[in-house]
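Undergrad: As a plain string of letters, each chain reads:
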Amino acid sequence: QQPVQSPQAVILREGEDAVINCSSSKALYSVHWYRQKHGEAPVFLMILLKGGEQKGHEKISASFNEKKQQSSLYLTASQLSYSGTYFCGTVTGGGNKLTFGTGTQLKVEL
Amino acid sequence: GAGVSQSPSNKVTEKGKDVELRCDPISGHTALYWYRQSLGQGLEFLIYFQGNSAPDKSGLPSDRFSAERTGGSVSTLTIQRTQQEDSAVYLCASSLSGYGYTFGSGTRLTVV
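As given, the protein sequences belong to chains A and B, one line each in that order.
Those letters in the first sequence? Residues 13 to 122, per the working numbering, in order.
Those letters in the second sequence? Residues 24 to 135, per the working numbering, in order.
All clues given are correct.
Here chain A is said to cover these stretches of chain B; the calculated rule only asks that three of the stretch's residues, wherever they fall, bring their Cβ under 8 Å from a Cβ of chain A:
1) 53-65
2) 68-80
3) 107-120
4) 125-134
The set of hints was computed from the structure by calculation and includes no laboratory data.
From a predicted model like this one, the values you see are computed outputs, not experimental measurements.
A virtual CB, placed ideally from N, CA and C, is assigned to each residue, including glycine.
For reference, chain B alone in the conformation it holds in the complex (with noise of 0.2 Å):
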């Protein structure tokens, strides 16, 4: 597609269910990334994943969560056992190696 697509929107869920949040890139885009803001701040990093290499999973939080991108394309971010302190909005964004990253709109996650 034209741009980086995320799905769902928005997603409210209980506390201690688990989560999938989707990214769909720009096709072509080598690297794809994971980053979440919570609201009025910065952005976190979570997850890079470039090319066919090992995935640098360094931000994230806890082994609650998890990620993966299949076939080079689609990415999936896990979160297990959802706390309060993960609402946040979920930011996924592609690129070419040395650009500028394309976000997609975000998953705004409210955890209940």
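Isolated chain A, as found in the complex (with noise of 0.2 Å):
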């Protein structure tokens, strides 16, 4: 079952700040974000792992609700280049087998 998440689409004014959710009607054991900008392959951005343990970038940051099967992805100071679709993937089972989200657009204009 494909993660839903919300917003759809958001729009920001720079350095306005967004969050993102994704929520699963499985048990987690990891949740993985992604951006894609237009007419390009998806850049992992970080991976959230059951038991709390974060892999990704610096300047990013992420949260992990177990109990709820949610993730959010908090954008802070919004830039320019943050704009594109963000995209959550799953993991349910064994192994490291990607089921990804329904996608939300972000448009960061001046």
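Grab the two chains, each in its own frame, and use the hints to assemble them into the complex.
TA: Written out as structure tokens, the structure reads:
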């Protein structure tokens, strides 16, 4: 089952903050976050593992609520370069196979 | 190489023809994945190879689709008797277990 992301789209002024949510109907082993710019491949931002470990870019922060089967990505002091579509990906079984979410389109304007 | 390499970058084929898409993962990455992305849509899982284990083929949409990974490295995705609904960008990714994916630039397949 595909995780559901919210909001579907958001427009920010440069410097504003945003939160993107990812919700799964299944128990999660880990959650990944990726950003995809138009015409490009997705780029890895962060992985959050069951038990609290996180690996990713220093300027990105995220949370993982195992009980609620949810994750949130926090974008602070947004820059124009943050524009793109953000996807969460969830691992719900053994291995590292991701099921990607519905996507959130983020646009940062001057 | 430094990144995941996919070829060709673009492929236009006639309906009914077979196509082969190639993926060369990052050296040492044990896991390799194929996804496809239709225009403006999300990423649809196709198949996953992990080391020497049997591949997870649960995402292949029909028996016209197959993939292999030779020597734990290069992978080929084959689509037989292509249909117009197969048109999409096919993305390959590789990773170490428990780490994020590195995606290739994709192959844009157009079936006419």
